[in-house]
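Going by the numbering used here, the letters in the sequence shown line up with residues 3 to 185, in that order.
Just so you know, the hints here were simulated from the structure itself, not pulled from any lab data. Fair warning: there could be bad hints in the mix.
Simulated crosslink set (EDC-like; lysine to aspartate or glutamate; CA at most 16 Å straight-line) [stated by the list, open to error]: (1) Lys40 / Asp121; (2) Lys79 / Asp121; (3) Lys79 / Glu60; (4) Lys79 / Asp64; (5) Lys40 / Glu124; (6) Lys79 / Glu63.
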Amino acid sequence: MNNLQSLTQPQPPTWLKALVICLLLLGILFRFANIGGKFYWYDESFTSLAISGHTLTEVLEDIRSHQEMFPISEFNKFTQITEGRTFVDTLRYLATSDPQHPPLYYLMVRLWSQLFGTDPAEVRSLSAVISLLIFPSAYWLCWELFNSQLVGWIVMAIMAVSPLDVFYAQEARQYCLWMVFYP
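Using the sequences and the accompanying hints, generate a full structural model.
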């Protein structure tokens, strides 16, 4: 497509742009609303374990050493980033305990957690921020596939309020990063 064709392509109507912008703002609100108030579930605890650099073996040994129920406060010590653990420990955990997961997200969330903290809301907030990149990614994909701004605007609006996209944006897992690269 040459530059002349792109200049003469019809623009989406103003009302549609306004609607999409409103839906984008609503989608951003949904991604960050109550992000720390939801139950930090099983898979997310493995994200915290990975970024802390502790191994699953260490956790299991500690569980076995308790004669009674294993308190959550004991597990929390394995989800905190300590000075003795580095990015190398995070990579080692992924290579030995969770090799099916690509390391990029975990290294990013480790750096994020070192800057902002390891509480569930803080760890999840990186996923919410990454999920905002889905909008330009989806627009670009639509532009490449359909050569249409209108389709790009509509798809961005749908993705902004899609329950699945919002759900994964509030989860401390790598799914939102996958969605950016594969909208």
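Hints, verified against the model:
{"no.": "1", "hint": "Lys40 / Asp121", "in the structure": "holds, 12 Å"}
{"no.": "2", "hint": "Lys79 / Asp121", "in the structure": "holds, 12 Å"}
{"no.": "3", "hint": "Lys79 / Glu60", "in the structure": "holds, 11 Å"}
{"no.": "4", "hint": "Lys79 / Asp64", "in the structure": "holds, 11 Å"}
{"no.": "5", "hint": "Lys40 / Glu124", "in the structure": "holds, 13 Å"}
{"no.": "6", "hint": "Lys79 / Glu63", "in the structure": "holds, 14 Å"}
Checked against the numbered hints given earlier, the structure satisfies every one of them.
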